[in-house]
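So the sequences go chain by chain: A and B. In this text, residue positions in the first sequence follow this note's numbering: the first is 893, and each later residue adds one. In this text, residue positions in the second sequence follow this note's numbering: the first is 893, and each later residue adds one.
Hints in this document: simulated from the structure, not taken from any laboratory. Heads up, a few of these hints could be off.
Identical copies go unnamed one by one, so any copy, or any two together, can satisfy a pair.
Below are the SDA-like pairs computed for lysine to any residue, each with C-alpha atoms no more than 25 Å apart in a straight line [unchecked claim]:
hint	residue 1	residue 2
1	K1035	R1002
2	K982	G967
3	K1035	V1010
4	K1035	E1016
5	K982	S953
6	K982	S1015
7	K1035	V1004
8	K1035	R1011
9	K982	E993
10	K982	G955
11	K982	E943
12	K982	Q906
13	K1035	G996
14	K1035	E916
15	K982	R939
16	K1035	G994
17	K982	D1043
18	K982	V1001
19	K982	D921
20	K1035	E943
21	K1035	E993
22	K982	A971
23	K1035	W954
24	K982	G951
25	K982	R1007
All figures in this text were calculated on a predicted structure; none of them were measured in a lab.
2 protein chains.
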Amino acid sequence: MPTQLNNDDGALLQAEADIRARLEGLDLDFAALLAVSNVYRAATAIRNRMERDVLSAAGLSWGGFTILFVLWIWGPLEAHALAEECGLAKGTLTGMVGTLEGRGLVERVRLVGDRRRVRVDLSEEGRRLIADVFPRFNSAESKVVAGLDGDEIGYLSRLLRLVTATADETTELVRPRGPVDAGG
Amino acid sequence: MPTQLNNDDGALLQAEADIRARLEGLDLDFAALLAVSNVYRAATAIRNRMERDVLSAAGLSWGGFTILFVLWIWGPLEAHALAEECGLAKGTLTGMVGTLEGRGLVERVRLVGDRRRVRVDLSEEGRRLIADVFPRFNSAESKVVAGLDGDEIGYLSRLLRLVTATADETTELVRPRGPVDAGG
DNA sequence: TCTCAATCGTTCGGCACCGAATGATATCGT
DNA sequence: ACGATATCATTCGGTGCCGAACGATTGAGA
């Protein structure tokens, strides 16, 4: 539990202190700078770690894994919904689903009522693969956050959800924010 | 400041509840799952926001901006150090520095003492550009974390630094962790 | 001095990823 | 019924980005 933080100096990385020193004169929001940079660095570090330790052995990219996982959790999805859920552009999704389809991990079905649409679903093999890979993935996730205790992990998630919701706002990001707890 | 969190249910997104429900039987670390996924989602949301609102107008990609910023803060750097600092593979850096050099934003100089090495530095135009763009970038960063108060922002950074340090460990991620506050 | 190994940056092949343009299909107005 | 419009997914051109292979340069040892 955080009681006093005094993050004025104490817990700063050397690199962060250097940044502060270099930008001393300017009227900047250092805390925001550090927060954003730390979010990005953490994401990159996690992704690299997962790809190296878990995904590469299964021949899966981060994106491919995400698609499989989403389909596993949500069941069959139309392309636009799948793209949205995976945080990918539609065009990107088409290509990656193509790759997965080529490997026999997912299947595409044109809808009968509306032949513009396509429903994507796991194949049996895809289901086996994600069911096999995900527990290992999750165990690596667990290790990655093992430096935090349970409260801290939950708190981290909460703060990040807030940031994501704000960044996802379609507006120019100036208005005062509405209800904040469950943006999805 | 977090006092009670009870993130058992209360603050969960619908999607997160769905995941929990779908994976009910399995022996998984849900908190870690959510934390990792929230880190990644936040990073993506922030990056997209920045590219759209700030960087695209300057004709800069996230990676290009990062390179310029790092050189701005640290001064001239050799390629390997620059890659390391930007979190990019050496090969990636070569290409991106090439792009920036083509636009006249950075310069490459082979070292006199050791002709294998190359020092990269901002050009005058590059310096002008980053000095112009960064304040706007920072102001967008500020807005992105505006949903959090000062303590929360600092705390978020601290937690993320911990996660990054763990994920960056070169080991297989099993040993007990050494000193934890400033992984630098 | 002449290899041999180490250490640079670069090149190369390949996938991920985006955004705009495209093509196919459905729907609405008349 | 039929053309205009909207709505899908896909295609296409271009970068970002990685990892392995490569070429150039340096330093160490015989």
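Status of the hints after comparison with the structure:
1. In this homomeric assembly, K1035 and R1002 never come within 25 Å of each other (Cα to Cα): the closest approach is 41 Å inside a single copy and 42 Å across copies.
2. Only within a single protomer do K982 and G967 lie at most 25 Å apart by alpha-carbon distance; the minimum there is 19 Å, versus 40 Å between protomers.
3. In this assembly of identical chains, K1035 and V1010 lie within 25 Å of each other by CA distance neither inside one copy nor across copies; the values are 38 Å within and 38 Å between.
4. Within a single copy, K1035 and E1016 get their C-alpha atoms no closer than 29 Å, and across copies no closer than 45 Å, so neither meets the 25 Å cut-off.
5. Taking identical chains as interchangeable, the C-alpha atoms of K982 and S953 lie at most 25 Å apart whether they share a chain (17 Å) or sit on different chains (20 Å).
6. In this assembly of identical chains, K982 and S1015 lie within 25 Å of each other by CA distance solely inside one copy; the values are 21 Å within and 38 Å between copies.
7. In the homo-oligomer, the alpha carbons of K1035 and V1004 never lie at most 25 Å apart, since the shortest distance is 45 Å inside one protomer and 45 Å across protomers.
8. Taking identical chains as interchangeable, the C-alpha atoms of K1035 and R1011 are never at most 25 Å apart, the minima being 35 Å within one chain and 38 Å between chains.
9. In this assembly of identical chains, the alpha carbons of K982 and E993 lie at most 25 Å apart only when taken from the same copy (16 Å versus 32 Å across copies).
10. Taking identical chains as interchangeable, the C-alpha atoms of K982 and G955 lie at most 25 Å apart whether they share a chain (13 Å) or sit on different chains (23 Å).
11. In this assembly of identical chains, the alpha carbons of K982 and E943 lie at most 25 Å apart whether taken from the same copy (23 Å) or from different copies (18 Å).
12. Proximity of K982 and Q906 under a CA criterion of 25 Å is satisfied inter-copy only: 23 Å between copies versus 41 Å inside one chain copy.
13. Taking the closest pair of Cα atoms, K1035 and G996 never come within 25 Å of each other, the shortest separation being 31 Å inside a single copy and 44 Å across copies.
14. In this assembly of identical chains, the alpha carbons of K1035 and E916 lie at most 25 Å apart only when taken from different copies (21 Å versus 37 Å within one copy).
15. When the C-alpha separation of K982 and R939 is checked against a cutoff of 25 Å, the pair qualifies both within a copy, at 22 Å, and between copies, at 18 Å.
16. For the identical chains of this complex, K1035 and G994 are neighbours neither inside a copy (33 Å) nor across copies (43 Å), given an alpha-carbon limit of 25 Å.
17. Proximity of K982 and D1043 under a CA criterion of 25 Å is satisfied in neither setting, with 37 Å inside one chain copy and 38 Å between copies.
18. Taking the shortest alpha-carbon separations for K982 and V1001, only the intra-copy value of 17 Å comes in at or below 25 Å, while the best inter-copy value is 42 Å.
19. Proximity of K982 to D921 under the C-alpha cut-off of 25 Å is found in neither arrangement, the shortest distances being 35 Å within a copy and 31 Å between copies.
20. For the homomeric pair K1035 and E943, the shortest alpha-carbon distance inside one copy (15 Å) is at most 25 Å, but the shortest distance between copies (32 Å) is not.
21. Taking the shortest alpha-carbon separations for K1035 and E993, neither the intra-copy value of 32 Å nor the inter-copy value of 41 Å comes in at or below 25 Å.
22. Taking the closest pair of Cα atoms, K982 and A971 come within 25 Å of each other only inside a single copy of the chain (7 Å); across copies the shortest separation is 35 Å, beyond that limit.
23. For the homomeric pair K1035 and W954, the shortest alpha-carbon distance inside one copy (18 Å) is at most 25 Å, but the shortest distance between copies (29 Å) is not.
24. For the identical chains of this complex, K982 and G951 are neighbours both inside a copy (23 Å) and across copies (23 Å), given an alpha-carbon limit of 25 Å.
25. When the C-alpha separation of K982 and R1007 is checked against a cutoff of 25 Å, the pair qualifies only within one copy, where the shortest distance is 17 Å, while the shortest distance between copies is 46 Å.
Checked against the numbered hints listed earlier, the structure breaks hints 1, 3, 4, 7, 8, 13, 16, 17, 19 and 21; every other hint is satisfied.
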